[in-house]
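K.L.:
Listed below, chain by chain, are the residues.
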Amino acid sequence: MTPDIAAILAVDGLGAGAIYGLIAIGLVLIFTVTRVIFVPFGDIAAFAALSLAALEEKRLPGTAGLVLTLAVAATCVEVCSQRRRGWRRAILRALPPYLLAPALPVAFAAALAPLGPPAPVRVALAIALVLPIAPLLDRLVFRPIAEGGALLLLIVAVALHFALAGLGLAFFGPEGARTEPFLDLSLTFGDVTISGQTLLIVAAAILASAALYAFFRFALLGKALAAVAMNRTGARLMGIRPQRAGAIAYLAGSLLAGVSGVLIAPVDTIFYDSGFLLGLKAFVAAILGGLVSYPLAALGALLVGQLESFAAFQSSAFKDVIVFALLVPVLLWRSRLGDTPEEDVEE
Amino acid sequence: MNARAYTLAALAGLAAPFLVPSYYVTLLDYVGVYGLVAIGLAWLTGVAGVVSFGQAALAGIAAYATAWLTTSTGLGAWAGLAFALPVTLAVALVLGLVTLRLKGHLLSLSTLAWGLAIAYAFGNIDALGSFTGLAGVPPIRLGPLSLGDNSRLYYLILTLVAAAIGLLNNLFDSRTGRALRALRGGTQLVESVGVDPFGARLTAFLIAAGLAALSGWLYAHLARFVSPTPFDARMGVEYLMMAMVGGASPLGGLLGAAFVTGLKDAIQDLLPRFLPGGGAPFEIVVFSALFILFLQRARDGLAPWLASLLPRPATPPSSAPPLPRRALPAAGSPLLALDHVSKRFAGLVAVNELSFEVRSGEIVALIGPNGAGKSTTFGLLTGALPLSAGAVQFQGRKISGLPAFRIARLGVARTFQHVRLRPRMSVIDNVLIGAHARLKTGVLAGALRLDRAEAASARSSALAALARVGLAERSEDLAGELPLGAQRLVEVARALIADPLLIALDEPAAGLRRPEKLALAETLRGLRAEGLALLVVEHDMAFVMSLADRLVVMDFGAKIADGPPAAARAEPRVREAYLGGAP
Chain A
-6 MTPDIAAILA
4 VDGLGAGAIY
14 GLIAIGLVLI
24 FTVTRVIFVP
34 FGDIAAFAAL
44 SLAALEEKRL
54 PGTAGLVLTL
64 AVAATCVEVC
74 SQRRRGWRRA
84 ILRALPPYLL
94 APALPVAFAA
104 ALAPLGPPAP
114 VRVALAIALV
124 LPIAPLLDRL
134 VFRPIAEGGA
144 LLLLIVAVAL
154 HFALAGLGLA
164 FFGPEGARTE
174 PFLDLSLTFG
184 DVTISGQTLL
194 IVAAAILASA
204 ALYAFFRFAL
214 LGKALAAVAM
224 NRTGARLMGI
234 RPQRAGAIAY
244 LAGSLLAGVS
254 GVLIAPVDTI
264 FYDSGFLLGL
274 KAFVAAILGG
284 LVSYPLAALG
294 ALLVGQLESF
304 AAFQSSAFKD
314 VIVFALLVPV
324 LLWRSRLGDT
334 PEEDVEE
Chain B
531 MNARAYTLAA
541 LAGLAAPFLV
551 PSYYVTLLDY
561 VGVYGLVAIG
571 LAWLTGVAGV
581 VSFGQAALAG
591 IAAYATAWLT
601 TSTGLGAWAG
611 LAFALPVTLA
621 VALVLGLVTL
631 RLKGHLLSLS
641 TLAWGLAIAY
651 AFGNIDALGS
661 FTGLAGVPPI
671 RLGPLSLGDN
681 SRLYYLILTL
691 VAAAIGLLNN
701 LFDSRTGRAL
711 RALRGGTQLV
721 ESVGVDPFGA
731 RLTAFLIAAG
741 LAALSGWLYA
751 HLARFVSPTP
761 FDARMGVEYL
771 MMAMVGGASP
781 LGGLLGAAFV
791 TGLKDAIQDL
801 LPRFLPGGGA
811 PFEIVVFSAL
821 FILFLQRARD
831 GLAPWLASLL
841 PRPATPPSSA
851 PPLPRRALPA
861 AGSPLLALDH
871 VSKRFAGLVA
881 VNELSFEVRS
891 GEIVALIGPN
901 GAGKSTTFGL
911 LTGALPLSAG
921 AVQFQGRKIS
931 GLPAFRIARL
941 GVARTFQHVR
951 LRPRMSVIDN
961 VLIGAHARLK
971 TGVLAGALRL
981 DRAEAASARS
991 SALAALARVG
1001 LAERSEDLAG
1011 ELPLGAQRLV
1021 EVARALIADP
1031 LLIALDEPAA
1041 GLRRPEKLAL
1051 AETLRGLRAE
1061 GLALLVVEHD
1071 MAFVMSLADR
1081 LVVMDFGAKI
1091 ADGPPAAARA
1101 EPRVREAYLG
1111 GAP
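Listed in order, the protein sequences are those of chains A and B.
FYI, the working numbering numbers position 101 of the first sequence as 94, with every residue one higher than the one before it.
Count along the second sequence starting at 1, add 530, and that's the number in the working numbering.
Keep in mind the hints are simulated off the structure, nothing from the lab.
Among the clues, some could well be false.
[Stated by the list, open to error] What follows is a set of in silico ranges between Cβ atoms, one per label pair, in the way DEER data are often shown:
1) A:A207 with B:D830: 43 to 51 angstroms
2) A:R229 with B:D830: 42 to 50 angstroms
3) B:D830 with A:P322: 35 to 43 angstroms
4) A:L61 with B:R827: 22 to 30 angstroms
5) B:R927 with A:G232: 54 to 62 angstroms
6) A:L270 with B:E1003: 56 to 64 angstroms
7) A:E50 with B:D679: 51 to 59 angstroms
8) A:E168 with B:V628: 38 to 46 angstroms
9) B:G696 with A:P322: 44 to 52 angstroms
[As the list claims (entries may be wrong)] Sample of chain B residues facing chain A (criterion: CB under 8 angstroms; computed from the structure):
10) L623
11) L627
12) V628
13) Y650
14) V815
15) A819
16) Q826
17) R927
Beta carbons are placed, not taken as given, at the ideal position from N, Cα and C, and that holds for glycine.
Go ahead and model the full structure; you've got the sequences and the hints to work with.
P.N.:
Below, the structure is given as structure tokens:
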């Protein structure tokens, strides 16, 4: 391997690493607030990429059907769980957050898609479309078992990924998609060319991390979320509703997944099930930070990106094997540090 | 589960190929093949509490091993088994040694990781046919008889499944099974009775891996073809679903496999009728949604529900001789010695340069105000907590630094301030856990029921221990059904059956009524008369004063008095610690 090739690989790895970083930060955010290891995170990113591709072709993305399906289901569940308040009141209370709000971006997308809107509008629409997915899944799947053990939540999250992959196949079909690059610009240093897309990805990752940092450090809402993450009961006693905190974390997670999906869309061909690998690699990064540290997760993501890039050069068939095999020593290292989770309580 | 139910099940199993069309015989074959993995996983997850997403990958190793050997060398299926089983077990051993010290969801995540890595490796190794797989795997032959016909193979599968369930059922009730069942819910308890939690987990993991290997081997010779798909992460989740839907018992694994395989078949059958043309993607959606609903609503599974329908068998009183006891040292010989023991938690000094001795045949009470460091001291001398400085000797041997289960095996039994019982196990099973280090039955002997004599003796001893604390009548109740005071007494019985030299009792009288306290004091005096040493932490002063030969009084982690009760009580520093500064 010559230095030139190494430099090219490093730049490649940087782009991938920044994408994983965005997802990893979202995983950490959701885990700390809800203790859910949100395996389907990558699926949402893939759906965002596929939505962008569909909008480019002036079609209404399959996400619309997916979101409406989830919204209807979540509304039914919410109404049923609140029915002792009386059916009328329950329906009136459930409709705005669980049906109308998710339907809003769908309506916009349906109206604008055939017109072929400019790129920034398409990006905004694609992100807005996936935004409701994680909060709706939270309501449908995780809230009923919010008090369960971390293991139960993990099993459910893994099962949920397979449900989403099936829905993805139903709504998007088996074809992959890749969108036009946002920027034609590229920088050349000697033999190494850095594409505008890579720069955009890295910039977005830095921006998102900084925004999250500011949110938790300075905003009252961010502090409330951090409080829930540290001590659920204690936060509840201080008047913070863990359910609302969870919903906000999921919403922020959806946003991050949407952004990373839109960023990766021009770089890679994305299929309905590409999200699993995306999410799991981000997850390896998040574990490096013990699932609690944002900076370490971002750093881990850069590491995973580099590792993957260089492993692909050595043996492209085994790059995924290598990345996942890496998770085992990382887990061992984390558990050596002593921040092991509480022992499982017998049900 | 009674004999008649088993006979009926066996008859139905034998007759099945004659009663159902051949399509369903093949389906039953697959139920059995998946069932073997699920039985192992129900054992690993339901019994030992290790949730694994990687069982499909382990089955895959065996399937690929036998497929590769038989197709590339022309050797038969049995040679394939002789190759596949050790290979799978070796991989499992390495994986287990590396990952089984992880806790909780980190352990499960590691199974997801190596499961994925192995599944991706299958799809990328050219010698294993990459993503197209290996075709032309020969059928299993029994002498001249080829088992290529699915209804003939059925009987081999049935035999293996029945053997697996039978052996694991035996193991469930044996010393190993009890230790594993107790493992679920934390390691402190099992370590305190001399079980090596890592070793127990590894055993359970290897058993599950062995069953997965058997299943993979059968799969390769049933389907006559292997590819990465049946061993990928999705299948790993399906196996977990089978194990959890079935419930935490060997039979549960088979029930779960039957239920899930049948459900899948039904969904594949029914969905196209409702969704003409577009059914396929929704199969996995419906399937996953049902699993999630199951996890939300009914986590116990089928087997415990079925068992609750059958009457609980009454166990006859045991007439076997109790377990042989060890020789106790002469009364008054030194047993336990703490030498300048300290424990610091970050900045806080919980125990500070503490030294005292306990001799055999005496009752020493460790007292002091709340937060004085008494329970921490217990943790230090039983090995549950590591020391920061100093040393602990037991019978002249340094025990500080040893893992808790080794200290327990030397003859130190304990009870816990916060009761640690397994609420869903019977009282007598909870007591029998305590006899772990005294019993010798291994995994194989337990699975083959070669342990009957020892098990009967252990039962006698357990009943005797329960009688000693006045709970003989409640031996078959679930431990969680007892009031708190009685639960403490079960812990005392569990300590007694270990036949220890020293028992460390952490607030044994809390939650007891006065007559029960008097009875407990009488029991403890009896133990002293036998030559045991007792170290007691207790807040009830009347109880302590009437019982103890010597008091060790602690305050802020340090010893402030050590001597006979009356002398210690008269000590001004003790009065100050308890009552505040004297005017």
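K.L.:
Of all the hints given earlier, name the ones this structure violates by number, lowest first.
P.N.:
2, 9, 10, 11, 17
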